[in-house]
Structures are given as structure tokens and as C-alpha cells.
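Chains as they are written, first to last, in numbering that gives the first Met the number 0: chain A, 0 to 315; chain B, 0 to 256.
Hints are computed from structural coordinates only; laboratory data are not their basis.
Since the model is a prediction, treat every value here as computed from it, not as a measurement.
Among the hints, a few may not be true.
Claimed, not checked - Below, a sample of chain A positions facing chain B; criterion: calculated Cβ distance under 8 Å:
1. Leu245
2. Leu256
3. Pro262
As the list claims (entries may be wrong) - Some chain B residues well away from chain A (every beta-carbon gap over 12 Å; in silico):
4. Thr4
5. Thr15
6. Arg25
7. Ile98
8. Leu120
9. Pro141
10. Ser145
11. Glu199
12. Val214
13. Thr236
14. Arg250
To be verified - One-sided excerpt, in silico: chain A residues whose CB lies under 7 Å from chain B:
15. Lys182
16. Arg186
17. Asp232
A virtual CB, placed ideally from N, CA and C, is assigned to each residue, including glycine.
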Amino acid sequence: MSPLLSVQGVTVQYPVGKSGRLTAVDDVSLDLEAGRTLGLVGESGCGKSSLGRVIAGIRVPTAGQIVVDNCEMTPRRSKAEARAIQMVFQDPASALNPALSIGSMLEELVHVHGLALDRESARDRAVAVLESVELPTALLDRRPDALSGGQRQRVGIARALILQPRVIVADEAVAALDSLVKKSVIRLLADVRDRLGVAIIFISHDLDVVRQLCDEIAVMYLGRIVERRSSSDLFNSPRHPYSKALLEARPHFGERLDVASPPALAGDPPSQMELTTGCSFAPRCRFVKDECRSTDPVEESFGGSSTVRCHFPLSR
Amino acid sequence: MSGVTILEVEGLRVATSTHPSLELVRGFDLQVREGETVGLVGESGSGKSLTLRAICGLLPDGVRRSSGSAHMIGPGGSTVDAPTQLGRGIAMVFQEPMISLNPTMRIGDLVTIGPRSQGLLTRARAHERAIELMHEVGIADPERRSRAWPHELSGGLRQRVMIAMALATEPRILLCDEPTTALDVSVQDQILRLLLGLKESRGLAMVLVTHDLAVVSQVCDQIVVMKQGHIVEQGETDRVLHDPTDEYTRRLIEAVS
Numbered sequence: 000m001s002p003l004l005s006v007q008g009v010t011v012q013y014p015v016g017k018s019g020r021l022t023a024v025d026d027v028s029l030d031l032e033a034g035r036t037l038g039l040v041g042e043s044g045c046g047k048s049s050l051g052r053v054i055a056g057i058r059v060p061t062a063g064q065i066v067v068d069n070c071e072m073t074p075r076r077s078k079a080e081a082r083a084i085q086m087v088f089q090d091p092a093s094a095l096n097p098a099l100s101i102g103s104m105l106e107e108l109v110h111v112h113g114l115a116l117d118r119e120s121a122r123d124r125a126v127a128v129l130e131s132v133e134l135p136t137a138l139l140d141r142r143p144d145a146l147s148g149g150q151r152q153r154v155g156i157a158r159a160l161i162l163q164p165r166v167i168v169a170d171e172a173v174a175a176l177d178s179l180v181k182k183s184v185i186r187l188l189a190d191v192r193d194r195l196g197v198a199i200i201f202i203s204h205d206l207d208v209v210r211q212l213c214d215e216i217a218v219m220y221l222g223r224i225v226e227r228r229s230s231s232d233l234f235n236s237p238r239h240p241y242s243k244a245l246l247e248a249r250p251h252f253g254e255r256l257d258v259a260s261p262p263a264l265a266g267d268p269p270s271q272m273e274l275t276t277g278c279s280f281a282p283r284c285r286f287v288k289d290e291c292r293s294t295d296p297v298e299e300s301f302g303g304s305s306t307v308r309c310h311f312p313l314s315r
Numbered sequence: 000m001s002g003v004t005i006l007e008v009e010g011l012r013v014a015t016s017t018h019p020s021l022e023l024v025r026g027f028d029l030q031v032r033e034g035e036t037v038g039l040v041g042e043s044g045s046g047k048s049l050t051l052r053a054i055c056g057l058l059p060d061g062v063r064r065s066s067g068s069a070h071m072i073g074p075g076g077s078t079v080d081a082p083t084q085l086g087r088g089i090a091m092v093f094q095e096p097m098i099s100l101n102p103t104m105r106i107g108d109l110v111t112i113g114p115r116s117q118g119l120l121t122r123a124r125a126h127e128r129a130i131e132l133m134h135e136v137g138i139a140d141p142e143r144r145s146r147a148w149p150h151e152l153s154g155g156l157r158q159r160v161m162i163a164m165a166l167a168t169e170p171r172i173l174l175c176d177e178p179t180t181a182l183d184v185s186v187q188d189q190i191l192r193l194l195l196g197l198k199e200s201r202g203l204a205m206v207l208v209t210h211d212l213a214v215v216s217q218v219c220d221q222i223v224v225m226k227q228g229h230i231v232e233q234g235e236t237d238r239v240l241h242d243p244t245d246e247y248t249r250r251l252i253e254a255v256s
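Just need the whole structure built from these sequences, with the hints factored in.
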């Protein structure tokens with residue numbers, strides 16, 4: 000069976016200065032089945048958002064393709080292609096048109112995409128989608144500024160859902176929300192996935208949030224996926240030293256921080272501007288050996304879709 | 000912990016200037032002892048940041064302290080109004096180090112701006128002091144970094160600079176408003192370790208405002224939970240985390256653990 004979403008050799012480069020180039024995403028490939036959720040995690044600048052925007056068609060990649068249901072997406076996506084992959088953004092306040100009521104915004108989308116023949120059926124769709132994200136239909140006549148942060152993010156999800164996408168890319172979709180609201184929005188995304196069989200790429204810097212929602216996690220470092228595992232395997236036995244360090248660095252509820260011990264991950268998140276030879280994580284790696292500094296490791300698969308890119312992966 | 004109280008807040012209320020009946024903080028009491036770390040948690044709009052700002056006199060326009068008091072208590076038991084002590088006994092660390100650092104000043108000049116503006120430090124001695132402080136907050140190669148501009152530093156380094164600026168005023172208590180929220184977990188871990196280390200080396204007291212209960216559970220001795228301007232729970236960290244008396248606190252804990 001071929002996967003629903005296939006990301007093939009995607010590279011994203013940005014011009015820097017007069018002739019420089021910054022490689023934000025470096026030849027990344029990944030597959031995802033319908034009804035599955037993949038978390039993309041990593042520090043600032045690892046390329047997770049750039050990759051997400053390429054998948055969603057907001058950015059044209061320097062190289063590589065996005066394939067949905069065996070159909071290769073064109074660089075400037077047609078309306079049908081755009082509907083197939085929809086995005087949910089971090090800050091719903093700036094992602095929603097402040098001048099339009101929620102109802103007008105949703106109906107306009109329906110019209111632009113030719114999904115309804117008349118006003119009435121467009122309104123019916125807007126009502127239905129609002130109910131599916133557990134919002135009162137009274138909000139149809141409100142503008143975004145009258146909504147709470149959690150309500151806005153539900154509208155952001157409704158905006159994506161009304162186009163009946165096969166894939167949703169959610170970029171830090173709950174990062175700006177309070178913990179209780181965050182939990183309810185995560186529950187909603189899980190429900191959408193299970194009910195509609197949508198595949199979700201969930202981009203986040205917060206591993207604990209990712210674990211709550213995602214079946215699998217891909218850890219990115221300097222534009223590459225360095226480990227891909229099922230969520231439980233990654234949390235129980237990370238194989239890439241970077242994954243292990245990221246897991247250790249996150250705040251552990253109820254455990255006093257031991258100041259005497261060194262930080263889990265020293266130094267700043269890396270910059271593509273200071274590329275070295277060998278493994279890009281070598282300068283910060285606790286387990287670094289000579290080979291790591293000279294030779295770039297290749298991605299190795301082990302069991303299902305699990306991969307790791309390290310010369311000396313930690314034992315399972 | 001020595002047990003000497005250095006900050007005492009009693010019945011603090013904050014209201015809007017135009018509608019005094021519209022209260023945003025509705026009665027806040029807190030005692031902070033020397034070397035103690037207090038976590039102030041709550042969701043957006045709970046009043047936690049306003050409380051912190053009322054203590055150090057940095058309330059935004061349009062809101063004011065309507066009643067209650069906040070006092071710093073000196074070694075001899077003398078008390079002074081806390082809002083007058085910013086830059087003396089009290090220092091503040093903000094969330095967004097890019098916005099909070101003057102972009103037109105070099106790092107070395109920024110670090111000692113507090114004591115220099117009060118005439119406590121001569122220009123000649125300022126550079127030396129800046130290097131000492133940058134070293135204390137773990138900035139590698141402080142000589143070179145002292146000549147950098149804020150935009151040339153990473154988020155983690157900028158936050159270290161802000162902490163150095165706070166230390167320059169030789170505070171007894173550090174008020175931190177979401178000091179690690181804008182940072183990656185790796186850098187957050189480094190900054191929390193730095194703050195805890197300073198608490199030990201300098202005997203600094205700290206009030207940490209954050210929405211992240213996991214962070215609070217890692218570093219604080221005492222927890223205060225706020226909701227809609229009220230304190231709903233207050234106590235020793237272990238007690239609050241393991242045996243919360245308030246339903247809202249219980250839900251907050253459930254959401255992260």
C-alpha cells in the first residue's frame with residue numbers, strides 16, 4: 000500500500016547576503032499513512048517549520064516533491080491540490096482576517112473553492128464545521144477579536160477542515176495556548192484524525208505535547224531528520240544522542256533540578272551558517288568520537304519506519 | 000534557608016485607573032524569605048504578571064495599585080516601599096530579551112547601565128565590572144561579547160545578558176517574568192540552572208512568574224497559584240504538587256503531569 004503523503008528529497012535553501020546560501024531543509028524524505036500523526040520536533044532553526052510550509056504548499060522547495068495519493072503536487076498548487084493539504088498556524092489571531100466574521104470567512108472559502116452552489120449551502124457547511132470543532136454556531140457572526148485564544152485556534156482548525164483536506168500541517172498550533180486549553184485542542188486534533196482519517200504533521204518544540212498526540216516522532220537537527228521512531232520508543236529508548244539530550248533537557252514535572260550536574264544540551268541551537276565537516280551534531284554531542292568529526296553519518300533503517308542517522312546509535 | 004523575610008506583600012490590589020471597581024488583582028499576600036524561590040503560576044489573565052509589576056513599580060499605564068502594600072525588609076528590620084527599590088534591592092528579568100535590550104547599545108555598556116545611571120560605578124571601572132558579571136552568568140569570551148550588539152547574540156545569550164544587567168544592581172531579590180518562555184528547551188534548561196546557581200552562590204531570593212508548572216516544580220520552594228486575580232492555592236512546592244487543596248490547581252497539575 001502506498002502512503003497517503005510522501006515527501007521526497009525536499010531541500011529548502013534561502014539566499015544569504017550576495018551569494019551565500021542557507022540550507023534550512025537538507026534532502027528530507029518521509030512517508031505518512033492516512034489517520035496517522037507524525038510529530039516534527041527540534042530546536043529553533045532546525046528546519047521543521049520550513050519543511051512544514053513546503054508540505055503545505057506555502058513555500059516552493061529548492062528541490063524535491065510532495066506526493067499525495069500518488070499525485071505529485073505542482074509547485075503552484077491548483078485549488079484541488081491546495082485543499083488536499085491544509086495548514087493550521089501558531090498564532091490564530093494573525094492567521095484570521097480581522098475584518099471578516101467567522102461565518103463570512105468560512106463561506107468565502109467554500110465559494111472560492113466552488114464547494115457550494117448557493118449561499119445557503121455554504122452557510123450549512125460553515126455551521127457543520129463549527130460544530131465539528133465544538134464551537135457554538137453563535138460565533139459565526141463574531142469577528143476574531145471577540146474570540147478567546149482557544150476559540151480562535153478552533154476556528155483555525157475549522158478553516159482547514161472545511162476544505163476537507165487529506166493532510167493537515169499544524170505548526171506550533173498549541174504553543175500559544177494555556178495548559179488546559181492546550182489539552183482540549185490536542186484532544187480535538189486527535190478526534191479529527193480518528194473521525195476523518197486525516198493525516199497530521201504536528202510541528203512543535205514541546206516533546207510532551209507531541210507525545211500526547213502523535214503516533215510517531217521525527218527529530219530534526221540542522222535540516223535533517225536524525226531519528227524517526229514511534230512516540231513510545233523514542234521516549235523509552237532514544238537512539239540518537241540528540242534525541243536523548245532533548246528529552247533530558249525538557250522540564251521534568253516534580254523533579255528538582257540538580258544544579259551541580261551539567262545541562263543536558265550545552266551551547267546554542269546550531270546555525271546553518273557555521274557548517275562543519277562530519278556529523279552536524281558532533282560539536283554538542285556527549286558521545287562524540289573521531290569518526291563523527293570527519294565523516295557524515297547516513298540514515299539507517301531498523302524495523303518498520305524507524306530510522307536513525309548516527310555512527311554510534313545508542314542501544315535500544 | 001535562613002528564614003528571614005525580605006519581601007512582604009499584604010492585601011495587594013490592582014485596578015484600572017478609570018474604573019477603580021474593575022480589579023485585576025484582588026488581594027495578594029506573600030512573604031519571600033532570603034534565598035527562597037517562589038513560583039507564581041496561572042493562566043493568561045490570572046494577574047500573575049501584574050502582581051509582579053505592582054511589586055516593583057512597573058505597572059503599565061492605566062492600571063494602578065488600589066490598596067495593599069509591598070515592602071522590602073532590611074537587615075535591621077527597617078521597611079521600605081518595594082516599588083521604590085527597583086534597581087536597588089529588586090531587579091527584574093523579562094521574557095523577551097530582544098525587546099528589553101536597547102538595540103543601540105553594546106552589550107558591555109548595557110550590562111552595567113543600572114549602577115552607572117545611579118552614579119554607583121565610574122566609567123573606568125564599568126568595563127571591568129561588565130566582564131566580571133558576564134563571566135558570572137556563563138557568557139564565554141566576555142571581552143569579545145562585550146563589544147557585540149544585542150541583535151548579534153542568540154536568544155539564550157541575550158537572556159544571560161539580561162540576568163547580568165539585573166545582577167549589576169546587586170539585588171537581594173530577582174523578579175522574573177516568564178524568563179524562559181521564548182527559549183528552546185535546551186536553552187531553558189541552561190537558564191534555569193544558571194538562576195538556581197545564582198540563588199545558591201548569592202543567596203538571591205526569586206519570584207518566578209510562569210505558565211509552566213513543570214518549570215516551577217523543578218526550581219521553586221513555594222508555589223502560588225492565581226486565577227482571575229485571586230490566589231487560589233499557596234504553599235510548599237511538594238505539598239501543592241502532591242496534595243493540592245484547590246480544584247483548579249488539581250486540573251492544572253493534571254494537564255502537565
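Hints versus structure:
no., hint, verdict
1, Leu245, "holds, 7 Å"
2, Leu256, "holds, 4 Å"
3, Pro262, "holds, 5 Å"
4, Thr4, "holds, 23 Å"
5, Thr15, "holds, 19 Å"
6, Arg25, "holds, 20 Å"
7, Ile98, "holds, 17 Å"
8, Leu120, "holds, 29 Å"
9, Pro141, "holds, 16 Å"
10, Ser145, "holds, 18 Å"
11, Glu199, "violated, 7 Å"
12, Val214, "violated, 5 Å"
13, Thr236, "violated, 9 Å"
14, Arg250, "violated, 6 Å"
15, Lys182, "holds, 5 Å"
16, Arg186, "violated, 11 Å"
17, Asp232, "violated, 20 Å"
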